[in-house]
Amino acid sequence: MEHIFTDLAALVAGWVSGSPQWVQTLVMGCLYLIGVLTFIFLNCIFLIYLERKVSAYIQQRLGPNRVGPRGILQPVADALKLLGKEDIIPEKADHWVFRLAPIIILVPAIMVFAVIPFGKNMIPVDLNIGVFYFLAVASTTTLAILMGGWSSNNKYALLGSMRAVAQIVSYEVPLAFSILGVVMIAGSLKTSQIVAAQENYWFILLQPLGFLIYFIAATAEVNRAPFDLVEGEQEIIAGPFIEYTGMRFALFYLAEYANLVAVSCLGVTLFLGGWHGPWLPSWLWFLIKVYILIFVFMWTRWTFPRIRIDHFLDFNWKVLLPLALVNILLTGIGLKLYQYITLGVW
Amino acid sequence: MPDSQAVFFWLLAALVIGSALAVVLLKNIVHSALYLFLTFVGVAGLYILLHAEFLAAVQLLIYAGAIAVLIVFAVMLVRRGDIRLSNLYSIHFLPALVVSLVLFALVAVAVGRQLWLGYLAPPPEEPLVSLARNFLGEYVIAFEVAAILLLSAIVGAVLIVRGRRRSAP
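Chains S and W, in that order, give the protein sequences. Numbered by numbering that gives the first Met the number 0, the letters in the first sequence go through residues 0 to 345 in order. Numbered by numbering that gives the first Met the number 0, the letters in the second sequence go through residues 0 to 168 in order.
Only chain W is shown next, with the shape it has when bound in the complex (with noise of 0.2 Å):
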């Protein structure tokens, strides 16, 4: 009998990968968009064979549910001559082989340097009473500050989208 967890692991990264790899190539930039939909789906799925359920429900909340659907909906709003067209590759061939491949080195160092020991461990028992103690416990100045600094980011999108104030007569 197969090990199931390793068969959904291969079967959700190859519906990360494959559907990543449809992002980039595909010339239409709406299919891209879907695509990067499925990508997100398929890392929620990964984070639930690590057993947590929590990380990958916020993924789909966050992830596809919002981010996702923004891309595409602003995708459609700058939509500009041929959509079939939309996506097409990039002329400069050789820097973006140089960048990438650098970022591929970096990751695979970062990922080659990790121990993996964490993977061996159980899963908590309550990991939600956890987080939430580590958010609101020992964490707490750096989750306030961050919630801070979302804070100031809407006021400041706000702002930007009201504009100029209609000077009084």
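Same shape as in the complex, but just chain S (with noise of 0.2 Å):
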């Protein structure tokens, strides 16, 4: 069970081992990329029946219960009826900008996952910067946000934009903070010796404060309640994707919950020791662990209600920034302490 992805992937690197070498990097590549889609497209396709229960639960309802047993099949249902939906592009709408923010929102949001580890030898591209990848490349998110809400030609969807750069350019600040006290601790950007580094013990018992800024910044930076300012539905409807239908408006859905999954797996990867664990193999600790995560994170979203933009913005300029200062302060002090106690220098 362990090795059953490293294996099919030795397998297919087996076949193309007679060719060329830009041959062998295009069909590894391809593979990997494969990988990642099927990870990402079956668990937004679980996480959207998911949210519905949890939501369920949380307010006493019972939640889809009629396609298939206990309801799993609407997902399928859903999907059907998205495809089958009218593509309306309003005519007053910069067109080419319409059509193209919702498949340039989902670049980022696949990119991302190229540096998760997601088990033992399973990580698509092991790069020297990882997680300094994984915030540069998730910070391009916000044009395709941009990009939607603008070409819309809709006053509430220029509304939910601006929210959007507002929100995600500020909570961007803290969230590499909170990242740097572990990578000063584990003294690396890889995310595979990040993994490596917390073999005995997890990164949030020596962060819990970098673990709860990573937690809220997080939270903010894929627009979910209670920081989902960018939709806020009782105030601008659904901000940038007001105008969007079918599977256009679907993508947009995809992204958001890809985007979930993304932050989930770099938190589970900084902080709550990667694939380690005892007994099952490394890539089923792994999707536990970001399940919990996740379920967190929507536990959270059904339980607060939103805030208001100026508090929320307030909030992280003039709590979250300072508390991850801090935290970077006292990781370096610990750090220096522990120097000196375990090797006796400074």
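No lab work stands behind these hints, which were simulated from the structure alone. Cβ coordinates follow ideal geometry from the N, Cα and C atoms, glycine included. Any given hint could turn out to be false.
[Said to hold, decoys possible] Beta-carbon label-pair distances, calculated as ranges: (1) W:L96 with S:Q20: 42 to 52 Å; (2) S:Q20 with W:N133: 49 to 59 Å; (3) W:V108 with S:T299: 34 to 44 Å.
[As the list claims (entries may be wrong)] Pulled a few chain S residues facing chain W out of the computed Cβ check, cut under 8 Å: (4) M27; (5) V136; (6) Y155.
[What the hints assert, rightly or not] No more than 30 Å apart at the CA atoms, straight line, and that leaves these computed lysine-lysine pairs for DSS-like: (7) S:K154 with S:K52; (8) S:K154 with S:K84; (9) S:K154 with S:K91; (10) S:K154 with W:K26; (11) S:K91 with W:K26.
Hey, can you piece these two chains together into the complex? The hints should help.
Structure follows, in structure tokens:
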């Protein structure tokens, strides 16, 4: 069970081992891409179901229960419905930008998975700058939301995308700083080495404050309640996605869930020991931890009310950012003290 | 078999130059700003080809993720009249021609004088480590001065945005 995916990759690598180098690179690249895409899509389909069930459970309802046993086939019905919808493009919209936005938002959502260690030796690309790559690619998501909001030629859409920029650009700062503590302890930006450094103890024990800041900032980054001001249904209807219908709307939805999976994967990698765990195969441990984190994200979403945009930005600059800086300072002092105690040198 | 690095170089070069031209030539300023984003991404790709992954990620985070987004943002906020004709050609044709020719000549001379020996050297094993050592070792003063400069710029920006405080009653 442990080696099922690595064996599969080795099998394909064996098939193409005779061909020139660039064919091998291409084939393995495509294989990793297909693996990542399968992971994202399967998780997104399941998350649509899970979100509805969790919200129903929290609100003492039953949730979807008609399509298939316990409503498990509900996402299939949803997808079919979205496929059958008419594709409406507003007459005064900026047509090309409008059409491109839902496609462009998927690109960073898929690219960030390149550095996630899904299990032992199961990392698509072990980049030298791993975590930093994740942040850099994720930061471009804003542009797609902005494109969608502006091109719709709708005041609510424009308001929503303006909120998106304010929110994502400011919450990126504490997000990056909360990760810095982990990077300092692990001494590397490589996700594989960060996981390897957590063999004996998880970084959430050394960085509880860092994890809390990461969790809050990540919730804001993926626009989930209580920080879903970008969409804020009661205020600006659906924000940047207001004019989108059918599959184009579904692509935004998909990207949202892909981002949720991505920040959960990164959270597990950085703070919850990655794929480390006894008895079960490493990739299963990874998946279990990711789903625990996703469940906590959903739990917060359905428990807290949405907060106001000015409170929200104040909270970022006046609470989260100073806390993140203090966390970095304390981590640095702690590291030096540890060094002095164990090695006897400053 | 073609040299894959050369293929990617020419593809990226075409992308960068094409989108940079689009920034200048398009008449809708929002489209220009979006193409500017594409230019930044292409430059990040060129950095990756040069084995400067860290620089590529910085390019993506700062230029594509923050600056391009802020430019698009600012452009959207100041939209007036017909957005389709918001980035028109300048009427000062001759001065613009002279300035751009002089700039081009300067860049061409600078490029021509460079020996490009650095390209042949193998990339460092741990680029991040050497970067950190240089920043916090040999060049620490310059690094800290730049940091203080940025900090004062931020404080200044905050002061300007906050406006004058109302006098106490």
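Tested hints:
For the pair L96 (chain W) and Q20 (chain S), the beta carbons lie near 48 Å from each other, so the given range of 42 to 52 Å is met. Our hint of 49 to 59 Å for Q20 (chain S) and N133 (chain W) is violated, since their Cβ atoms are close to 34 Å apart. A C-beta distance of roughly 59 Å is found between V108 (chain W) and T299 (chain S), which places it outside the suggested range of 34 to 44 Å. Interface hint status for M27 (chain S): violated, as the beta-carbon distance to the closest one in chain W is roughly 14 Å, over 8 Å.
A least Cβ separation of about 7 Å between V136 (chain S) and chain W falls short of the 8 Å threshold, and the interface hint therefore holds. A cut of 8 Å between beta carbons decides the hint on Y155 (chain S): the least distance to chain W is about 14 Å, and the hint is violated. Using a Cα cut-off of 30 Å, the hinted pair K154 (chain S) and K52 (chain S) is violated, with the two alpha carbons roughly 33 Å apart. Restraint check for K154 (chain S) and K84 (chain S): satisfied, since their Cα atoms lie roughly 24 Å apart, inside the 30 Å limit.
For the suggested pair K154 (chain S) and K91 (chain S), the alpha carbons sit about 13 Å apart, so the restraint of at most 30 Å is met. A hinted pair counts as satisfied when its Cα atoms are at most 30 Å apart, and K154 (chain S) with K26 (chain W) qualifies at roughly 23 Å. At roughly 17 Å between alpha-carbon atoms, K91 (chain S) and K26 (chain W) fall within 30 Å of each other, so this suggested pair holds.
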